[in-house]
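Chemist: Positions 29 to 289 (the working numbering) are the ones given, in order, by the sequence shown.
No lab work stands behind these hints: they were computed from the structure.
Any given hint might turn out to be false.
[As the list claims (entries may be wrong)] Taking lysine to aspartate or glutamate and the DMTMM-like style, the derived pairs with C-alpha atoms no more than 25 angstroms apart in a straight line are: (1) Lys91 <-> Glu154; (2) Lys256 <-> Glu278; (3) Lys129 <-> Asp168; (4) Lys135 <-> Glu173; (5) Lys276 <-> Glu220; (6) Lys256 <-> Glu217; (7) Lys285 <-> Glu195; (8) Lys276 <-> Glu176; (9) Lys148 <-> Asp117; (10) Lys276 <-> Glu210; (11) Lys180 <-> Glu281; (12) Lys156 <-> Glu205; (13) Lys156 <-> Asp168; (14) Lys148 <-> Glu173; (15) Lys285 <-> Glu211; (16) Lys170 <-> Asp94; (17) Lys91 <-> Glu140; (18) Lys284 <-> Glu176; (19) Lys156 <-> Glu217; (20) Lys216 <-> Asp168; (21) Lys148 <-> Glu195; (22) Lys156 <-> Glu140; (23) Lys135 <-> Glu195; (24) Lys180 <-> Glu217; (25) Lys115 <-> Glu154.
[Said to hold, decoys possible] Pairwise CB distance ranges (calculated): (26) Glu111 <-> Ser182: 49 to 55 angstroms; (27) Gly203 <-> Val93: 21 to 27 angstroms; (28) Lys115 <-> Lys180: 42 to 48 angstroms; (29) Asn193 <-> Ser274: 20 to 26 angstroms.
All C-beta atoms in this analysis are idealised placements derived from N, C-alpha and C, irrespective of residue type, glycine included.
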Amino acid sequence: MLTFIFIAFFAGLPILAYLLASKTQSKGIIFGLSAIILSICLFVYISKFSILGSLNKQILKNKIVDEIYINSKITTQNFASMEEVLKKDEIQIWLISLVSKAIELNKLTSAESLVTFSEKFFDSNEEKLIFYNMYTSLRDAKFPEFSEVSLKISDQSYYPCSFTNGEIRLFILNGPEIPIGEETFSLKESIEITNRSSLIPGFDLASAYLNNETIEMYLSINCEDKSKVFYVNNLVVLSPNTPFISYKIEPNEWLKKSQEL
């Protein structure tokens with residue numbers, strides 16, 4: 029805006045000098061036409077329908093897309109330009125679109141620089157979930173072997189009773205008290221945790237594998253005899269070479285939960 033005012037001021041000096049000249053005729057017409065022309069320029073430059081503003085945005089987007097196609101890190105100059113010409117909500121829309129495009133094209137160096145730059149623009153709880161989803165998409169593209177990891181309870185496992193339902197939860201050992209995955213079940217054949225079982229995108233079984241974590245498994249069942257609840261609470265050591273775990277529960281692993289009176 030200041031640039032436009034500066035240019036308009038100097039562009040208007042010859043017109044002003046001409047109007048101030050004593051021999052100038054039809055000053056009103058000249059002044060009116062000049063005002064109209066400058067107003068049109070102002071409208072084109074700064075209005076919400078700004079042609080030049082839209083053109084600048086398109087040029088910037090093309091520059092970033094060109095960097096994505098050659099799989100280079102997005103330059104700090106282009107990131108700075110985004111902050112200059114776009115509002116926050118526009119930046120968010122751009123970043124979601126650009127990250128998605130970079131991952132789709134398998135240009136992961138570009139995608140990683142975009143995701144790193146993105147974090148500061150997604151600060152509310154709802155926006156953080158969007159950022160975590162972008163991060164998870166990038167991670168799964170970089171490490172596809174861990175995108176479908178799972179822990180399944182073996183069909184050969186022993187159960188101390190017939191049960192109506194139960195739940196399974198996985199935690200990082202000595203980590204946050206937020207499970208990396210949890211599921212409820214009613215059939216012993218369907219007890220499984222995958223990345224889709226996580227409460228927070230990206231804080232899941234794959235993240236535990238990538239960080240060589242040991243996980244704590246908690247599984248409980250409610251017996252058909254409603255007075256009995258049994259549970260298993262064991263550690264599981266993850267190995268990058270075995271992304272699909274089949275865990276068999278032995279008879280001696282079950283503990284009976286005490287019933288409150």
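Chemist: Decide, hint by hint, whether the structure agrees.
Modeler: Hint check:
Note on Lys91 and Glu154: the hinted pairing is violated, with a Cα-Cα distance of about 30 angstroms set against a maximum of 25 angstroms. Simply put, Lys256 and Glu278 have alpha-carbon atoms about 18 angstroms apart, close enough for the 25 angstroms limit, and the pair holds. Of the supplied pair hints, the one linking Lys129 and Asp168 holds, its CA atoms being roughly 15 angstroms apart against a limit of 25 angstroms. Between the alpha carbons of Lys135 and Glu173 the distance comes to roughly 18 angstroms, so the proposed pair stays at or under 25 angstroms and holds.
For the proposed pair Lys276 and Glu220, the alpha carbon gap of about 12 angstroms is at most 25 angstroms, so the pair holds. Of the supplied pair hints, the one linking Lys256 and Glu217 holds, its CA atoms being roughly 21 angstroms apart against a limit of 25 angstroms. About 14 angstroms separates the Cα atoms of Lys285 and Glu195, which keeps this hinted pair within 25 angstroms; it holds. At most 25 angstroms may separate the alpha-carbon atoms for a hinted pair to count; Lys276 and Glu176 meet this at roughly 20 angstroms.
Restraint check for Lys148 and Asp117: the C-alpha separation of about 12 angstroms stays at or below 25 angstroms, so the hint holds. Of the supplied pair hints, the one linking Lys276 and Glu210 holds, its CA atoms being roughly 18 angstroms apart against a limit of 25 angstroms. With a C-alpha separation of about 16 angstroms, the suggested pairing of Lys180 with Glu281 holds against the 25 angstroms cut-off. Simply put, Lys156 and Glu205 have alpha-carbon atoms about 19 angstroms apart, close enough for the 25 angstroms limit, and the pair holds.
Of the supplied pair hints, the one linking Lys156 and Asp168 holds, its CA atoms being roughly 18 angstroms apart against a limit of 25 angstroms. Note on Lys148 and Glu173: the hinted pairing is violated, with a Cα-Cα distance of about 29 angstroms set against a maximum of 25 angstroms. About 19 angstroms separates the Cα atoms of Lys285 and Glu211, which keeps this hinted pair within 25 angstroms; it holds. Of the supplied pair hints, the one linking Lys170 and Asp94 holds, its CA atoms being roughly 21 angstroms apart against a limit of 25 angstroms.
The straight-line distance between the Cα atoms of Lys91 and Glu140 is roughly 17 angstroms, inside the 25 angstroms bound, and the hint therefore holds. For the proposed pair Lys284 and Glu176, the alpha carbon gap of about 33 angstroms is over 25 angstroms, so the pair is violated. For the suggested pair Lys156 and Glu217, the alpha carbons sit about 35 angstroms apart, so the restraint of at most 25 angstroms is broken. Between the alpha carbons of Lys216 and Asp168 the distance comes to roughly 29 angstroms, so the proposed pair goes past 25 angstroms and is violated.
For the hint pairing Lys148 with Glu195, the CA-to-CA distance comes to about 36 angstroms; that exceeds 25 angstroms, so the pair is violated. With a CA separation close to 17 angstroms, the supplied pair Lys156 and Glu140 stays within the 25 angstroms bound. For the hint linking Lys135 to Glu195, the alpha-carbon distance of about 40 angstroms lies beyond 25 angstroms, and the restraint is violated. Annotation: proposed proximity of Lys180 to Glu217 holds, straight-line Cα distance about 9 angstroms (limit 25 angstroms).
Proposed proximity of Lys115 and Glu154 is supported: the alpha carbons are some 18 angstroms apart, at most 25 angstroms. At about 53 angstroms, the CB distance of Glu111 to Ser182 agrees with the hint of 49 to 55 angstroms. About 39 angstroms separates the C-beta atoms of Gly203 and Val93, a value inconsistent with the hinted range of 21 to 27 angstroms. For Lys115 and Lys180, the Cβ-Cβ distance of about 47 angstroms falls inside the hinted range of 42 to 48 angstroms, so the restraint holds.
For the hinted restraint 20 to 26 angstroms between Asn193 and Ser274, the CB-CB distance of approximately 22 angstroms keeps it satisfied.
Comparing the model with each numbered hint stated earlier shows that hints 1, 14, 18, 19, 20, 21, 23, 27 do not hold.
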